[in-house]
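Colleague: What follows is each chain in one-letter form.
Number of protein chains: 2
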Amino acid sequence: MCVRSMWIVILLAGIGAAQDRPAPPPPVVSPEVQADRKVTFRIVAPKAQAVALSAGDILNLPKGGLQFTKGANGVWEATTEPVNPGAYRYRFVVDGVPVVDPRNALISESNTNVWSMVNVPGAEWMDAGKVPHGAVAEIPYLSSALGRYRRMHIYTPPGYELGKGKYPVFYLLHGAGDNDDAWTSVGRAGYILDNLIAAGKAKPMVIVMPAGHTSTAGGISGMDDYTKDFTQDVMPYVEKHYRVLKDRKSRAIAGLSMGGMQTLNISMSHLDQFAYIGVYSSGVFGMRRPAAPGAAAPAPAVPPEWEQQRLAMLDNPKLKPGLKLLWFATGKDDFLLGSTKATIAMLEKHGFKPVYEETTGGHTWVNWRIYLNEFAPKLFR
Amino acid sequence: MCVRSMWIVILLAGIGAAQDRPAPPPPVVSPEVQADRKVTFRIVAPKAQAVALSAGDILNLPKGGLQFTKGANGVWEATTEPVNPGAYRYRFVVDGVPVVDPRNALISESNTNVWSMVNVPGAEWMDAGKVPHGAVAEIPYLSSALGRYRRMHIYTPPGYELGKGKYPVFYLLHGAGDNDDAWTSVGRAGYILDNLIAAGKAKPMVIVMPAGHTSTAGGISGMDDYTKDFTQDVMPYVEKHYRVLKDRKSRAIAGLSMGGMQTLNISMSHLDQFAYIGVYSSGVFGMRRPAAPGAAAPAPAVPPEWEQQRLAMLDNPKLKPGLKLLWFATGKDDFLLGSTKATIAMLEKHGFKPVYEETTGGHTWVNWRIYLNEFAPKLFR
Numbered sequence: 001m002c003v004r005s006m007w008i009v010i011l012l013a014g015i016g017a018a019q020d021r022p023a024p025p026p027p028v029v030s031p032e033v034q035a036d037r038k039v040t041f042r043i044v045a046p047k048a049q050a051v052a053l054s055a056g057d058i059l060n061l062p063k064g065g066l067q068f069t070k071g072a073n074g075v076w077e078a079t080t081e082p083v084n085p086g087a088y089r090y091r092f093v094v095d096g097v098p099v100v101d102p103r104n105a106l107i108s109e110s111n112t113n114v115w116s117m118v119n120v121p122g123a124e125w126m127d128a129g130k131v132p133h134g135a136v137a138e139i140p141y142l143s144s145a146l147g148r149y150r151r152m153h154i155y156t157p158p159g160y161e162l163g164k165g166k167y168p169v170f171y172l173l174h175g176a177g178d179n180d181d182a183w184t185s186v187g188r189a190g191y192i193l194d195n196l197i198a199a200g201k202a203k204p205m206v207i208v209m210p211a212g213h214t215s216t217a218g219g220i221s222g223m224d225d226y227t228k229d230f231t232q233d234v235m236p237y238v239e240k241h242y243r244v245l246k247d248r249k250s251r252a253i254a255g256l257s258m259g260g261m262q263t264l265n266i267s268m269s270h271l272d273q274f275a276y277i278g279v280y281s282s283g284v285f286g287m288r289r290p291a292a293p294g295a296a297a298p299a300p301a302v303p304p305e306w307e308q309q310r311l312a313m314l315d316n317p318k319l320k321p322g323l324k325l326l327w328f329a330t331g332k333d334d335f336l337l338g339s340t341k342a343t344i345a346m347l348e349k350h351g352f353k354p355v356y357e358e359t360t361g362g363h364t365w366v367n368w369r370i371y372l373n374e375f376a377p378k379l380f381r
Numbered sequence: 001m002c003v004r005s006m007w008i009v010i011l012l013a014g015i016g017a018a019q020d021r022p023a024p025p026p027p028v029v030s031p032e033v034q035a036d037r038k039v040t041f042r043i044v045a046p047k048a049q050a051v052a053l054s055a056g057d058i059l060n061l062p063k064g065g066l067q068f069t070k071g072a073n074g075v076w077e078a079t080t081e082p083v084n085p086g087a088y089r090y091r092f093v094v095d096g097v098p099v100v101d102p103r104n105a106l107i108s109e110s111n112t113n114v115w116s117m118v119n120v121p122g123a124e125w126m127d128a129g130k131v132p133h134g135a136v137a138e139i140p141y142l143s144s145a146l147g148r149y150r151r152m153h154i155y156t157p158p159g160y161e162l163g164k165g166k167y168p169v170f171y172l173l174h175g176a177g178d179n180d181d182a183w184t185s186v187g188r189a190g191y192i193l194d195n196l197i198a199a200g201k202a203k204p205m206v207i208v209m210p211a212g213h214t215s216t217a218g219g220i221s222g223m224d225d226y227t228k229d230f231t232q233d234v235m236p237y238v239e240k241h242y243r244v245l246k247d248r249k250s251r252a253i254a255g256l257s258m259g260g261m262q263t264l265n266i267s268m269s270h271l272d273q274f275a276y277i278g279v280y281s282s283g284v285f286g287m288r289r290p291a292a293p294g295a296a297a298p299a300p301a302v303p304p305e306w307e308q309q310r311l312a313m314l315d316n317p318k319l320k321p322g323l324k325l326l327w328f329a330t331g332k333d334d335f336l337l338g339s340t341k342a343t344i345a346m347l348e349k350h351g352f353k354p355v356y357e358e359t360t361g362g363h364t365w366v367n368w369r370i371y372l373n374e375f376a377p378k379l380f381r
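Protein chains in written order, with the working numbering: chain A, 1 to 381; chain B, 1 to 381.
There's no promise every hint is true.
Where chains are identical, the list cannot tell them apart; a pair therefore holds if satisfied intra-copy or between any two copies.
Claimed, not checked - Below 27 Å or equal to it, Euclidean Cα-Cα: the simulated DSS-like pairs (lysine-lysine) are:
1) K341 / K63
2) K240 / K130
3) K166 / K246
4) K130 / K228
5) K341 / K164
6) K320 / K164
7) K341 / K378
8) K38 / K249
9) K70 / K47
10) K166 / K240
11) K353 / K166
12) K63 / K249
13) K70 / K320
Keep in mind that the hints were calculated from the coordinates and are not lab data.
Modelling step: build the complete structure from the supplied sequences, incorporating the hints.
Modeller: The following block contains the structure:
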């Protein structure tokens, strides 16, 4: 790389001559998390007309967005109000172009691109604490359902690599704006579990975080074809290559948003295989059309065909006792709140007893980390 | 995330009304690898005055750089000549601002930021082939030497997670422009080893890819403090948490550029612990000053103090028989070629018998992947 070469050449040649040259400008630091948890973002863009921050998850941003000021040195800078502890995705928008922070190595992947990420410490339950840590691996696998290589992330708890024992397995699905990296990066799943396990609050478990999109075009993808990938390829791969328990009571599945609907699709078609089901900020969200162009959208409802296709399982009384937990959580401000409630009502109609927590907040990673931290301790008890 | 919300809202609300709206423009695809291995890069930047590509590793780029043309739709586009198979880092430079490709989820991390990455398939030895695949894990560990959390990547070969047997261990260090992700992303170490192991050409082994920088400021870092982090923290962590063999003949170490010098620093201070040593595009690169400002740089030479500090080990005849391989490879066009040769001469003076391969090419990942593919089969025989 020419950058590397330059550094070394500068180092080799430059030391003796340093006194003869003007001092280089101090490096531009971005992001900078201050002691009071304000975050400063900076970018060098001397020719830019406008710089903004795209960061939906960071709360306390002023209406109209964070205002950047341009310094005489071409550095644009803006500082937030104090931010709650957590991991946040962001990008600059420079003259309309989305720009990953050129001074930040920390990123979180989405389905179609990447975000910069800033981690604001201060919440012990998701910080990298002085506890034993697990490992999160990237695994390539050949999907027979989709006919191509795919990737999944797998969390193994502290001690797993020494080779002893079998573990229960928790399948954890991401949302439409994510890929299989998201639960690890912005979701901090590994750290959350490390902390829960160290405190004795959660059982050591393997967490499988598969890729949920079956297309790279964006939008909602992966319904029927995803169920096939999951059941034909992901689960068999995990059960063949990892020391996981293979009975129903040792299997959990949960997901957020699109992943919550996939969780319902998979688990309600294979209810004999899962004892713990979690749906975060989601439900079976329908795709009903407005009655006429311009008409108001209809109230959320589970599409009747979804129920019809799964009746044999939904109404099978033999499968109910083995279902240890059917857990929903959605925020009051979440645009899928109606779908959550409609789905819960539908499941109750079929004799299920879903547990529902309605929280504050909306459709953001702020909530999904909290939901994972609440859900994981309930598993495999 | 507001992006996710928008997608779902569009999906929920938009289906019925699609006929009433103009069709959206086709999505901008970037990068696009064509059948003849030409690569097209595209970015939407209607307000930009100038767009360029920063991509040191992609060969066959025209002198003066790839010329972008701006379409009427605000999309800038450029296409390379056919590119050799391999993984390549790149960024756009839009009006002077380095921009990670907004349409590409594939990235490779550096010490201070991230690169977009394009993978040009066609070289079986580093493609994701239909062979059993290992796992590459990210591991947080507390460095007592540096007083903070650090990360390493660890490759475990196919079958490791089932829990049987112990494996030899290969420590593989990155360069100054990288972080511990680099050997996995742009270096394709996991795929290279998967293919070698499947073909019976390399022994199954654990590969530890630690973080080499001890500062985030860029430049060359991590000499004495890095040796401390490596020997006090990285190696003990691996030997405590993984099923690895702990004798000299089951331990290898190699590195590229900065990592090659770190490899020499560590191995020549702990020669009793390593049987296989690889130095890619590197040597002990000196930091001698020019005689006077403006004078020509002196010929590369190993600093005498480097030898002095290690004389007891360099000249200990008892340690030589257990050293199975001391392997150097550097390209003819590599700016560290002189350092490689000076280091080899120094080691020969102390009775070592280094193996040296002088290859074509320069200081790039194109060579480092090849070197790994040549070096790994020689290990643990």
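Colleague: With reference to the structure, classify each hint as holding or not holding.
Modeller: Comparing the hints with the structure gives:
1. For the identical chains of this complex, K341 and K63 are neighbours neither inside a copy (30 Å) nor across copies (61 Å), given an alpha-carbon limit of 27 Å.
2. Proximity of K240 and K130 under a CA criterion of 27 Å is satisfied inter-copy only: 17 Å between copies versus 33 Å inside one chain copy.
3. Within a single copy, K166 and K246 get their C-alpha atoms as close as 10 Å, and across copies as close as 25 Å, so both meet the 27 Å cut-off.
4. For the identical chains of this complex, K130 and K228 are inter-copy neighbours only, at 20 Å across copies versus 40 Å inside a copy, given an alpha-carbon limit of 27 Å.
5. Taking CA atoms no more than 27 Å apart as the test, K341 paired with K164 passes in neither setting, with 43 Å inside one copy and 47 Å between copies.
6. Taking the shortest Cα distances, K320 and K164 never come within 27 Å of each other, neither inside one copy (33 Å) nor across copies (38 Å).
7. Within a single copy, K341 and K378 get their C-alpha atoms as close as 22 Å, which meets the 27 Å cut-off; across copies the closest is 61 Å, which misses it.
8. Taking the shortest Cα distances, K38 and K249 never come within 27 Å of each other, neither inside one copy (44 Å) nor across copies (51 Å).
9. Taking the shortest alpha-carbon separations for K70 and K47, both the intra-copy value of 10 Å and the inter-copy value of 18 Å come in at or below 27 Å.
10. Taking the shortest alpha-carbon separations for K166 and K240, both the intra-copy value of 12 Å and the inter-copy value of 20 Å come in at or below 27 Å.
11. Taking the shortest Cα distances, K353 and K166 never come within 27 Å of each other, neither inside one copy (30 Å) nor across copies (47 Å).
12. For the homomeric pair K63 and K249, neither the shortest alpha-carbon distance inside one copy (47 Å) nor that between copies (63 Å) is at most 27 Å.
13. For the homomeric pair K70 and K320, neither the shortest alpha-carbon distance inside one copy (62 Å) nor that between copies (61 Å) is at most 27 Å.
When the structure is compared with the earlier hints, violations turn up for hints 1, 5, 6, 8, 11, 12, 13 and for no others.
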